[in-house]
Structures are given as C-alpha cells and as structure tokens.
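Asks: Next come the chains, spelled out residue by residue.
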Amino acid sequence: MDGQDAIRKLLVHARQSSALHLTTIQEALPLTRSLLKEELKAYVLAKYLLTEAELPPVLTFDQLTELSLAKSMQVSPALVKEFDTAQSCDGATSAMVKKVLLFRSLERNLKLQLPATRSARLKSLDDLSDMVWDTMQKDADWCGRLSAEG
Amino acid sequence: MIKKAADVTLKVLPVLATAEHLFYYEGPCRFGNGEALQPGYDRLANAQKAETFLNKVKECCEAAGKIELMEPVYLGRTDDWDNHEAMWEQARVSADACDFAVCMQGIACDDLVMEFGERFKKPIATTPISGFSGTITVATMKAKTNDYEAYGFYKWEDLTKCLKTLRARKVINTTKILCITRFGNPTSYSSVDSFKSYEEITAKLGVRFRFLNLHEFFETLHEMPEGGNCTTPGRTNTPNLTKEDLAKAEAITDDLINGAEVNVMQRDMVLKSAIAHVMIQKHMDLQDCNGFTMPCPDACSTRRLNEIGFTACLNHSLNMEQGIPSSCEYDVDCVLSQQALIAVSGKSPYMGNTCPIPMENGHLSARFGCTPDQLAKLEAMEDNMNLYMMQHSVAHRRIQDPTKNAKYALRNFAIDQGFGATIRYNFDQDAGQKITMCRFSPDGSKLFIGTGEVVMGGGYEGYNCSQLVYFKVKNQADTWKKQCFAGNHVTMVYGNYVEELVALAESLGVEPLVAD
Numbered sequence: 046m047d048g049q050d051a052i053r054k055l056l057v058h059a060r061q062s063s064a065l066h067l068t069t070i071q072e073a074l075p076l077t078r079s080l081l082k083e084e085l086k087a088y089v090l091a092k093y094l095l096t097e098a099e100l101p102p103v104l105t106f107d108q109l110t111e112l113s114l115a116k117s118m119q120v121s122p123a124l125v126k127e128f129d130t131a132q133s134c135d136g137a138t139s140a141m142v143k144k145v146l147l148f149r150s151l152e153r154n155l156k157l158q159l160p161a162t163r164s165a166r167l168k169s170l171d172d173l174s175d176m177v178w179d180t181m182q183k184d185a186d187w188c189g190r191l192s193a194e195g
Numbered sequence: 043m044i045k046k047a048a049d050v051t052l053k054v055l056p057v058l059a060t061a062e063h064l065f066y067y068e069g070p071c072r073f074g075n076g077e078a079l080q081p082g083y084d085r086l087a088n089a090q091k092a093e094t095f096l097n098k099v100k101e102c103c104e105a106a107g108k109i110e111l112m113e114p115v116y117l118g119r120t121d122d123w124d125n126h127e128a129m130w131e132q133a134r135v136s137a138d139a140c141d142f143a144v145c146m147q148g149i150a151c152d153d154l155v156m157e158f159g160e161r162f163k164k165p166i167a168t169t170p171i172s173g174f175s176g177t178i179t180v181a182t183m184k185a186k187t188n189d190y191e192a193y194g195f196y197k198w199e200d201l202t203k204c205l206k207t208l209r210a211r212k213v214i215n216t217t218k219i220l221c222i223t224r225f226g227n228p229t230s231y232s233s234v235d236s237f238k239s240y241e242e243i244t245a246k247l248g249v250r251f252r253f254l255n256l257h258e259f260f261e262t263l264h265e266m267p268e269g270g271n272c273t274t275p276g277r278t279n280t281p282n283l284t285k286e287d288l289a290k291a292e293a294i295t296d297d298l299i300n301g302a303e304v305n306v307m308q309r310d311m312v313l314k315s316a317i318a319h320v321m322i323q324k325h326m327d328l329q330d331c332n333g334f335t336m337p338c339p340d341a342c343s344t345r346r347l348n349e350i351g352f353t354a355c356l357n358h359s360l361n362m363e364q365g366i367p368s369s370c371e372y373d374v375d376c377v378l379s380q381q382a383l384i385a386v387s388g389k390s391p392y393m394g395n396t397c398p399i400p401m402e403n404g405h406l407s408a409r410f411g412c413t414p415d416q417l418a419k420l421e422a423m424e425d426n427m428n429l430y431m432m433q434h435s436v437a438h439r440r441i442q443d444p445t446k447n448a449k450y451a452l453r454n455f456a457i458d459q460g461f462g463a464t465i466r467y468n469f470d471q472d473a474g475q476k477i478t479m480c481r482f483s484p485d486g487s488k489l490f491i492g493t494g495e496v497v498m499g500g501g502y503e504g505y506n507c508s509q510l511v512y513f514k515v516k517n518q519a520d521t522w523k524k525q526c527f528a529g530n531h532v533t534m535v536y537g538n539y540v541e542e543l544v545a546l547a548e549s550l551g552v553e554p555l556v557a558d
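Chain order of the listed sequences is S and H. Quick note on numbering: the numbering used here labels position 102 of the first sequence as 147, and the sequence is numbered without any gaps. Quick note on numbering: the numbering used here labels position 187 of the second sequence as 229, and the sequence is numbered without any gaps.
Rather than coming from a laboratory, the hints here were simulated on the basis of the structure. Keep in mind it's a predicted model, so treat the numbers as computed, not measured. Be aware that one or more of the hints could be misleading.
With a Cα cut of at most 20 Å, we get these calculated EDC-like pairs of lysine to aspartate or glutamate [stated by the list, open to error]:
id, chain 1, residue 1, chain 2, residue 2
1, S, K92, H, E77
2, H, K446, H, D296
3, H, K98, S, D107
4, S, K156, H, E77
5, H, K285, H, D310
Generate the whole structure from the sequences, applying the supplied hints.
Replies: Following this line, the structure appears as structure tokens:
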C-alpha cells in the first residue's frame with residue numbers, strides 16, 4: 046500500500062467514523078449527557094484524524110487542534126504556531142479555521158446554533174460537550190429528547 | 043483624598059469591529075473555500091479572532107500594570123454595509139468612560155474604527171491582529187484635520203509600552219498640586235525658574251493647582267482656639283490640629299526615632315515637623331491634591347517657622363517616600379517633574395539644587411553644600427571630569443527600594459535651636475547606581491532628561507541643607523547646556539527611565555531634551 050492509498054483510507058475511515066458518532070447522538074432517545082460527551086469526543090478525534098492512543102494525558106482544546114494540524118502537516122506541534130504566523134488577510138490562523146470548521150459541522154449536522162463567544166473560549170473537550178448540551182437544552186427540537194437526569 | 047500616581051489606572055476599551063457575510067459568493071474581497079464561504083462561518087470565525095485579540099490585549103495590559111481593562115464594545119456589520127445609530131448609542135457609555143480604545147478590525151471594517159475615533163474623540167490604536175487594516179485606519183486618522191490621536195502597532199510589545207506611556211500621561215493630566223503661598227506670585231523668591239503661568243500649564247498638561255495662604259496654614263498647626271484662628275476670626279470650621287492628628291504625628295515621631303541608625307534630635311522637636319507633615323497631608327486630602335509645595339525663604343522670613351519650630355524638609359521626605367511629589371521652595375515645576383518620574387518608574391524620587399562640579403586649574407570647584415573633605419575625595423578619584431551634584435536635605439528611606447526602609451539618620455536643620463527634622467541618607471552605599479533625572483522648562487514646553495551614576499554622598503553627618511549626592515554624567519557640558527533650558531531643582535530616581543520619559547514627553551506634546 047503506497048502513501049497515497051494509506052491517506053485515502055485514513056480519510057474514508059475518519060469520515061465514516063465521524064458520521065457514525067453523529068448518528069448515535071442524533072438517534073439516542075433519550076440522549077444522556079455522558080453519551081453526548083463520549084460520542085462528541087469520538088467525533089472530534091475522527092474529524093481531527095487522531096486516535097485515543099495519540100493523546101497525552103492532559104490536553105487543552107487548542108492543543109488538541111494543534112496536534113491534529115501537526116499530524117496532518119507532518120510537523121511537530123511546536124512548529125504549528127510558526128506555520129501559523131503566515132496568516133490570511135482576515136487574521137485567522139489555521140488552528141482557528143480548523144476549530145470553526147468543526148463547530149460549523151456540528152451546527153449543520155445537529156441543526157443548532159452554537160454561542161459564538163463561548164465556542165471561542167472552550168478549554169477542553171468537556172467544555173465542548175457542555176456547550177453543545179446547554180445549546181440543545183435551549184433548542185425546541187432537542188430539549189424534549191434529552192434525558193431529564195442529564 | 044490623596045490619589046497617588048500609583049493609584050491612577052488607565053481605562054482601556056477593546057473595540058471589536060467585525061463583518062459577516064450573509065450569502066455564499068467568491069471574489070476579490072472574499073477568501074477561503076467551501077464551508078468558510080457559507081453564511082454562519084463568519085459569526086464563529088469572528089468570535090475566534092476576537093478571543094485571540096482579547097487575550098493578547100489582556101496580556102499587554104497585565105504587562106503594563108495599573109490598567110483597567112473594560113468589557114469590549116462590538117461594532118458589527120454585514121455585507122449589506124449597514125451602520126446603524128443604535129450600535130453607536132450602545133457604544134457611547136463605554137466610549138465616554140474609556141481613556142484609550144484598542145481596536146480589532148479587518149477588511150471592510152476600517153471605516154467603523156475611524157468613525158469610533160471621530161465620534162468619541164478618544165485615542166485609538168490598531169494592533170498586529172488587524173494586519174493591513176491597521177495601517178489604513180491609522181494613516182487616515184492622522185491625515186484628518188481634527189488632530190485625532192491614533193496609534194498603529196505592528197508588535198504587541200509596542201502596545202504594552204504605549205499603555206505605560208498613556209497611563210503616565212494620565213498621571214500628569216490628573217495631578218493636582220497644593221501650593222501654600224505667602225505672596226500669591228506664581229513663583230517664590232528662591233525658585234523663579236518654576237512655572238510662569240499656571241493657566242498655561244493647566245491648558246497644556248491638564249495639571250490643576252490649589253492654593254492655601256501660608257499664615258492660614260500656620261494657624262491650623264495647633265488646636266482650634268475659641269472663636270477660631272486669628273487669621274480667620276469667627277470661622278470655627280477650619281481644619282485645625284485634632285487629637286487624632288496629634289496621635290498620628292506622635293506615631294510618626296516614634297517610628298522615625300526608633301528606626302534611625304543615628305538620632306541627634308529631641309523628641310519634641312521631631313514631633314513639630316511630624317505635626318506639619320500630618321497637617322499638610324490633611325490639607326492635601328481636603329483639597330484632593332496629590333502633589334505639594336510651599337516656599338522656603340518666603341516662609342522663613344516671616345519668622346513663624348522659627349517661632350513654631352519646624353521646616354518642611356521632613357514633610358517632603360515623607361511625601362516622597364510615599365510616592366507623593368513634594369518639592370522645596372514652592373517649586374511647582376519640580377513637583378510635576380517628580381510626578382513624571384514617579385509615573386514612569388513607580389519609584390520614590392529625590393530632588394535638589396543641581397549643578398556641575400567643574401574641574402578648573404586642576405581642582406574641583408566648590409559649590410553650595412560641598413565641603414573641602416568631599417572635594418578632596420572626589421579629586422582623588424579617577425574619572426572626575428564630568429561630576430554633578432544634587433543637594434537638599436530631603437533624602438528619605440525609600441530611594442533604593444520604594445517598599446522598604448533603608449538605614450538613615452535623623453538630624454535637625456536648625457543648628458542653634460535644634461528644630462526641623464531631616465532624614466539623612468548615606469549615598470556612599472549606592473556608588474555605581476545608575477540614575478535618571480528630569481525637570482520641565484518654566485513654560486512647560488520642554489523636559490530636560492539626564493542620566494548619571496552615583497559617585498558618593500555628602501551631608502549624612504551634617505545639619506542644615508547639607509545633604510547631597512554626587513554623580514557623574516557622560517557629558518557635563520551637554521548636561522548643563524540642556525539643564526539650563528529647565529532650571530535648578532532637578533529630581534531623580536534610581537534606574538534608567540530615559541526611553542519612558544521621552545515617550546511621556548512626546549505624548550504630552552513636550553519636547554524631550556536628552557543630555558548626552
């Protein structure tokens with residue numbers, strides 16, 4: 046298997062895996078907070094082309110994004126920030142763009158509008174699932190499908 | 043209330059100017075691809091950029107110190123090019139309250155930042171996150187006829203420096219000096235090189251002056267007599283000495299005597315100077331002043347200082363220790379110069395008669411305060427061709443460290459009668475210490491700035507006004523030439539603050555005169 050094939054396989058697997066985790070969230074009735082947390086984490090890892098084994102014990106959301114960029118750029122995470130000094134005209138870094146694309150994907154697939162400022166302040170994957178849970182609670186279509194126990 | 047320079051904060055308002063595309067399209071103003079071109083993307087992307095910006099501004103504010111970072115103001119628009127009055131009304135309260143607006147903008151938002159500057163007339167800055175937009179905004183603001191203040195920073199550290207400068211400028215702009223005067227002239231008989239026109243200084247630098255008659259002040263140094271003071275008969279509400287004031291003065295006296303390495307004074311004589319200090323701060327507090335001066339010769343010749351038994355030396359020392367500018371000889375210029383040093387350094391200044399010690403015919407010439415012994419010592423040293431001195435008995439315990447008392451002696455000013463407490467500091471221990479000095483010109487148009495290195499002290503064991511410090515400068519002639527645009531009483535702090543003083547002067551519209 047050459048390099049191109051391996052990458053293609055990895056991307057197909059990531060797409061399938063992320064879709065599967067979204068479906069689990071969409072179909073859960075009731076959806077519990079712990080299931081959302083678990084599935085969202087798996088979804089993010091799939092989207093970011095990362096595996097559980099690659100994660101260090103303590104990781105912020107920004108570090109996770111940089112790790113993913115580093116892996117796809119095949120450079121060390123420390124170098125990601127240097128690559129990012131070449132910013133686009135609108136001042137967005139690659140890490141910012143990657144995070145926003147992830148949030149847009151969640152918005153589109155879960156039919157939610159995430160709070161913009163809170164999304165920019167996420168520190169961890171737990172923060173992400175808390176934000177999504179709180180947004181679902183305020184959403185007419187979602188609130189009836191959430192477990193009352195949380 | 044005495045609001046010290048250290049208590050002055052700069053209010054910084056982050057302004058977030060963002061644009062949001064409402065439709066999918068590509069073209070010369072639209073970057074990215076795929077999802078990044080879809081409606082909804084900008085909302086989240088702008089939030090990411092804003093968060094990065096706010097974190098950077100916060101870091102700069104923390105590095106600058108004494109900055110109050112306000113909640114951000116949002117100037118948002120869509121690609122309908124909307125610009126509603128309601129948005130500006132919402133921004134107005136914060137804009138009015140701020141001292142400085144630090145802006146984040148990108149393509150298609152520059153006009154919003156400019157309009158913010160035009161509407162609210164506050165200094166604005168663009169930052170590295172704004173990219174080309176920062177240059178566009180700043181250049182346009184500077185070209186406008188209304189003298190708008192706009193800064194463009196291409197490095198975050200430059201924002202930090204600017205925050206420090208603008209805070210120091212605010213310290214100067216909000217300084218209020220209590221001037222105890224005998225004759226009501228702008229200058230006293232011994233400091234005619236002080237500010238010529240208070241009105242012009244207020245108009246130029248924002249500094250305010252409050253005045254108190256010398257004799258009325260003297261009358262408040264004792265408890266209220268029945269029927270009021272002789273200077274204001276029948277006015278029984280004058281702020282005379284109370285039991286609480288006396289207790290404060292007693293505590294200061296004991297602290298000074300107990301902490302002194304050497305004390306040659308009687309307690310009751312120290313107490314008289316301490317009472318004067320407590321009462322001066324009481325008057326400053328009542329008039330919300332944060333700077334002080336009173337005349338020496340004009341007051342001395344009334345004979346009332348002799349009669350009451352104090353000089354203002356101790357008061358100036360204790361004020362300066364506390365970071366409050368306080369000058370001998372009704373020199374309001376020196377008070378403001380001290381405030382400039384306090385504002386940029388956070389340190390406690392010293393001040394005094396300042397002049398070169400020239401080498402003439404192979405010998406150093408004596409100047410007021412120099413002793414033959416001191417000159418002999420200096421002559422024996424190498425590198426003595428560029429010597430200077432600063433002399434007044436208002437040294438204090440916190441010249442080296444504004445948070446900790448150094449060793450000191452307590453000696454009287456008046457030799458015969460033993461009154462007039464003075465704190466003596468031995469500058470010998472600080473030989474090699476770098477200093478920065480400054481003084482405004484009498485018209486407030488220039489700021490003399492110099493540097494030096496402490497060589498030795500003088501007057502630690504003396505009386506009268508014999509306390510002094512000798513220091514060497516790089517170029518005596520150039521320092522003197524530039525000092526002559528400013529005046530005699532120069533003030534100094536330890537450390538090098540030339541860059542900060544130059545930046546402060548420029549931001550005040552004052553010409554910095556930096557000695558070589």
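Asks: Give a verdict on every hint.
Replies: The hints, checked one at a time:
Taken as a hint, the S/K92 and H/E77 pair is honoured in the structure, with Cα atoms around 15 Å apart against an allowance of 20 Å. For a cut-off of 20 Å, the pair hint linking H/K446 to H/D296 stands: about 18 Å separates their Cα positions. Between H/K98 and S/D107 the alpha-carbon distance is near 16 Å, which keeps this suggested pair within the 20 Å criterion. A C-alpha spacing of about 15 Å is found between S/K156 and H/E77, which places the hinted pair at or below 20 Å, so the restraint holds.
For the given pair, H/K285 sits about 16 Å from H/D310 by alpha-carbon distance, which is consistent with the 20 Å threshold.
In the structure shown, no violation is registered for any of the earlier numbered hints.
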